[in-house]
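Use these hints to put chain E onto chain F, whose structure you have.
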Amino acid sequence: MKTKSEVTRLLLEIKEGSKEAYEQLFPFVYDELKRVAYSKLQKERDDITLTETGLVHEVYLKMIDQTKIKAEDKNHFMAISARCMRQILVDHARKKKAEKRGGDQQDVTYVDELLKARHEADELIDLDAKLDELAELDQRLADVVVLRFFGQMTVSATADALEISERTVKRDWAKARGWLYKEIKG
Amino acid sequence: MGQQHWEKINNIVDTALELEKEERKRYINKECKDDPELKSEVTRLLESIQESEAEEFLEGKESYPQNLVSELSKTFEKSETSSSLVGQNIDNFKILEVVGHGGMGSVFLAERADKAYDQTVAIKVLRRGMDTPSNILRFKRERNILAKLEHPNISRLLDGGMTNEGLPYLVMEYVKGTPLITYCDTNNLTIEQRLDLFKLVCQAVQHAHNNAVIHRDLKPSNILVTEDGKVKILDFGIAKLLEPEEVSENLFQTRTGARMLTMGYAAPEQVEGEAVTTATDTYALGILLYKLLTGVHPFDLEKKNVTEIERLIRKKTPTKPSTKLGELPKSKQQQIAEQHNSTPSVLQNALKGDLDAIVMKALRKERKKRYNSTDQLLEDLRRRKQNLPIIAREDTIRYKTSKFIRRHKAGLSAAAGFALLIISFFAFYTWQITDERNQARRAAQKAEAVTSYLTDLLSRSNPYLEEKNVGLDVTLGSVLQYGHKTIDQEFENQPVVKAKVKTVIGQVYSQLGEFGKAESLLTEAYQIHKGLKSKAMIDQANTTKTLAFMYQDKGNYDRAETLLQETIQTLQTTKKGLITEEAASSIARLGNLSWFNKGQFKTADSLLTKALEIEQQIHSGNHLHIATRYNDLATMNHAQGKLSIADSYYRKAIANYRRLSGEHANLAIILSNFAILLKDRGDYKEAEQKQIEALKMHKEHSGENSIDIALGTGKLGQIYVEMGKYERADSLLHLSLEKLHKIYGESHPYIARNNLILGKLVRLKKNYQEAEEILSNAHAQFSKVYPENHPRISDPLLELGLLYLENDRLQQAGSYLEKTLDIRTSSYPNESWQMAEIQAAYGKYLVRSEEYKKAEKVLLNSYDSLVKFRGEQDPLTLKIQRNIASLYKEWNKPELAEKYR
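Chains F and E supply the protein sequences, listed in that same order. The opening position of the first sequence corresponds to residue 1 in the numbering used here, with each subsequent residue numbered one higher. The opening position of the second sequence corresponds to residue 1 in the numbering used here, with each subsequent residue numbered one higher.
One chain only, chain F, in its complex shape:
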């Protein structure tokens, strides 16, 4: 377990462009998010108030020393969390899919809502793959999608984290979304 100050230091280094710091921090945030998510689920399963932003915020408060950091640095943390979230959700979708396959897949009775969730798990896995393809063509477009979609970050937070203008975020978001739509639904 890293201490709050260590994590905070890593975050600041990432902001300065350190690749190494990113490699160190990522798995750490990933584990923490996952742990909090699952423990949350067990406690709050009756009312599903759990949202990603809430989750990320909770982890942020827990991991980062607020006194050492400026408001806009928070967005860099959020960006990392968004990438972690992508990983967590896609893993979960894959696991779900595998579970269903594990039994006699043709022989499981679904109610509509489960079917819907299956659809979405499938679509999420598709989306993940297509995002990788998009990144090959244009990394920044893919980044915008990860932050906006998986991190549910606002336009201005995304602009902050990626250090580009809000106008560019908006345009990239439109293009990336169009491209993904074309690939997935077209």
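Hints may contain errors.
[Stated by the list, open to error] Chain E is faced by these chain F residues, among others (derived, beta-carbon under 7 Å):
(1) Y30
(2) D122
(3) L137
(4) F149
(5) A174
(6) R177
(7) G178
[As the list claims (entries may be wrong)] Computed beta-carbon distance windows for the label pairs:
(8) L12(F) - E7(E): 27 to 35 Å
(9) S18(F) - P36(E): 54 to 62 Å
(10) E133(F) - E227(E): 31 to 39 Å
(11) K4(F) - A113(E): 51 to 59 Å
(12) D300(E) - K68(F): 52 to 60 Å
(13) R140(F) - K21(E): 21 to 29 Å
(14) R44(E) - R140(F): 47 to 55 Å
(15) E13(F) - H5(E): 47 to 55 Å
(16) K68(F) - V86(E): 51 to 59 Å
(17) L12(F) - P36(E): 49 to 57 Å
(18) E55(E) - E166(F): 22 to 30 Å
(19) R24(E) - R167(F): 13 to 21 Å
(20) Q4(E) - E166(F): 36 to 44 Å
(21) Q4(E) - S18(F): 27 to 35 Å
[Claimed, not checked] No more than 20 Å apart at the CA atoms, straight line, and that leaves these computed lysine-lysine pairs for PhoX-like:
(22) K575(E) - K610(E)
(23) K819(E) - K854(E)
(24) K130(F) - K304(E)
(25) K304(E) - K97(F)
(26) K8(E) - K185(F)
(27) K868(E) - K893(E)
(28) K95(F) - K304(E)
(29) K182(F) - K170(F)
(30) K368(E) - K182(F)
(31) K368(E) - K316(E)
Note that these hints are calculated values from the structure, not bench results. Heads up, the beta-carbon is just placed ideally off N, CA and C, and yes, glycines get one too.
Same frame as chain F, but now just chain E:
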């Protein structure tokens, strides 16, 4: 796509996004000049950007991350509830252990808590709560239906209720066993042994269908074989318990909502969210049979996502079982063959032919094309075993014919092949029912089918046509014409075949409404037979009958009658005499013609009864033909006003149909006729209900624009007229007329009948001028269609009489009502509602004309028979009662008037 290429696109799109529509177009054209590929990619991306924005793709509250997170918690919830119930009591049962979880809930093993007797049961606790009182009520109702389902091969539903948490649960007979397919494979059962078990499953399913229960979720894990070798089907009808209540009354709305389905066994209609019928179970049985026979599923579902699987189910025609087996890797084939106690080649040969055809028929995408009932499927399995032709032979005919042609390719001229094909094709349809409308519909289907069969055949193997350069788009017309022209030379020395082909082509022409060509061909065939002098009596009878049908359709009833009588005489000279389906159908046709077209009810009655007796003699017990004959008799008695006799025939016909084929277009027609009977008897509520049921069935079987829907809609309107629901009646009648005009053009008996009802409605709404116009028009149409004193002519006459009476045009009223009375007196028994109806009207007229004595006689007569028929509280009876009261008042006999008040 390379990165460089992407950058090019990206740059153009960036700029384009900033531009207005027209400017954007110009800009793209300029940038992508000489590079159509680039242009199309740019345009596609721009379109996708717009679409994704409109759809809020990856946005909005319900994005996947949110859903996945919430779904995670549900998975958790499920296992929580399940384990917590172990050790607890539900009702009188103690939960012992968890048996399994399914999509709809968890299953537990339980025993009687009070140990009153030794009984282990399975308790299914459903996941979903029943949210509304009406849903709970429905749950109970369904449960009661299921509890009555008793069959040795169906696991029984013992009890059910709500847990303390409000979750519905079901207590069921606990079955310990092995899934059917596993059982067959581990015991190396042969094809025949497997089929024997499969037949047991079918019989159980048919039993449930007879009790109006559809399984909806048949699959191997729901079909177990117990240790002592008994087959048990689990979860019968359970899936329906979970469906939300259907929105009532709204006929034309598609049902949505939760649906239970198992992807591997779901029928196309289930995937599409359409109504589930007995045919849905047939489909699942088809998949099961496929797996039992081949060891594999018809579709390759491995590694496919839901969308892909749904597409396969909806669109892909499965590979024939025998072919599928041959396509498997050799080692897999060997393994499957061993499980069948056989070898790959023997197994494959056993599947070829009948079994292939049977499985494929059960798996048809369109419900209508599958087996009508599980009984039919069983029947085919039985026939296969006895080497009799099977019902699924629509496919096999093609197979046989093409095989025949392949064998005799050298010696067989194209036209002979064509004749053979067309004849065998029609043989398939000889079981057809004698309902007029059905024939019209079948004619269309036949025409279509004949065209495709022939096109297929001719384009493949007909040197004749290739020479003449007839392409693939050969139409039925050109095929017929070709056949028509070549018959004489092709069959110069084979008069019987020549007559046969001429008959077949003539029949097709007649069904297409081309009576001129039909008449000349059929007459030629008829003459050939006459010249042969009793060489091919059955063929001769068939030709004569076809000619008769043609004249009937054309409206030449006398000629039709003579020819039908001749047909029957000819058949009588054959070996089997009149005890054949052919004879029965000819006699029935003559019977229908007698009353429908000529108004001779007595003759009709004896003919139709005779036809029924013949069918009963041929088919002991239930058969669709018998149901059809019941319907003939019902319709005739109905038209004659003998309501209680008609009632009993209708009920027999309906019961027969329900038992034999479940929902069916013919059943819908009978239900619809029956609804009109109920209306005539004054049971409006039930009439409405039956008519709606019929409409639903029609909608499912024939589609929105069929004749049946048009007529059914009109009949429902007619019922609403009687119920006084004028607004509804008005819109339905107009809808019906609109549809009928689309089908028949300007005039047709059905249109005339609808106009009559519409005229009545307008009269009741007191728009007399309009009513007179519509009714006079209807009267003219009726006169064109029916002979002079046909009972139906009296219907528009009566309406016109009533109209004039209400308008105080007494003289006209008198002449129309008297004419009506004349016709009805000679057509209907005195104690019929038709007589009561006209007597009521005529009595009213007499009162107005101050002929009190005469009026009294007529009205009292009418009153007495109505009391007998409909009881004292019937609206029509009450109406006459009021008429009598006002008669006595006018007549100045107040003490008598009081009696009828």
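For each hint, the structure was consulted:
1. Y30: This hint is violated: Y30(F) lies away from chain E, its Cβ roughly 15 Å from the closest one there, beyond 7 Å.
2. D122: holds (4 Å)
3. L137: Result: holds, 4 Å to nearest chain E Cβ.
4. F149: holds (5 Å)
5. A174: holds (5 Å)
6. R177: R177(F) check passes; min Cβ-Cβ to chain E is 5 Å, inside 7 Å.
7. G178: With a minimum Cβ separation of about 3 Å from chain E (threshold 7 Å), the hint on G178(F) holds.
8. L12(F) - E7(E): 27 to 35 Å: holds (34 Å)
9. S18(F) - P36(E): 54 to 62 Å: Because 47 Å falls outside the window, the suggested range is violated.
10. E133(F) - E227(E): 31 to 39 Å: violated (55 Å)
11. K4(F) - A113(E): 51 to 59 Å: Distance hint for K4(F), A113(E) holds at roughly 56 Å.
12. D300(E) - K68(F): 52 to 60 Å: Because 58 Å falls inside the window, the suggested range holds.
13. R140(F) - K21(E): 21 to 29 Å: holds (28 Å)
14. R44(E) - R140(F): 47 to 55 Å: Given about 21 Å between the Cβ atoms, the range is violated.
15. E13(F) - H5(E): 47 to 55 Å: This hint is violated: roughly 37 Å between Cβ atoms.
16. K68(F) - V86(E): 51 to 59 Å: Taking Cβ atoms as reference, K68(F) and V86(E) lie about 52 Å apart, which means the hint holds.
17. L12(F) - P36(E): 49 to 57 Å: Holds, at about 52 Å.
18. E55(E) - E166(F): 22 to 30 Å: Hint holds: Cβ distance 23 Å, inside 22 to 30 Å.
19. R24(E) - R167(F): 13 to 21 Å: Cβ of R24(E) to Cβ of R167(F): about 19 Å, so the range 13 to 21 Å holds.
20. Q4(E) - E166(F): 36 to 44 Å: With Cβ atoms ~28 Å apart, the hint is violated.
21. Q4(E) - S18(F): 27 to 35 Å: holds (31 Å)
22. K575(E) - K610(E): holds (19 Å)
23. K819(E) - K854(E): It holds: about 17 Å lies between the C-alpha atoms, which stays within 20 Å.
24. K130(F) - K304(E): holds (17 Å)
25. K304(E) - K97(F): holds (11 Å)
26. K8(E) - K185(F): Violated - the C-alpha atoms of K185(F) and K8(E) are around 23 Å apart, more than 20 Å.
27. K868(E) - K893(E): Roughly 26 Å between the alpha carbons, so the hint for K868(E) and K893(E) is violated.
28. K95(F) - K304(E): holds (15 Å)
29. K182(F) - K170(F): holds (18 Å)
30. K368(E) - K182(F): violated (38 Å)
31. K368(E) - K316(E): OK: K368(E) and K316(E) at ~17 Å, within 20 Å.
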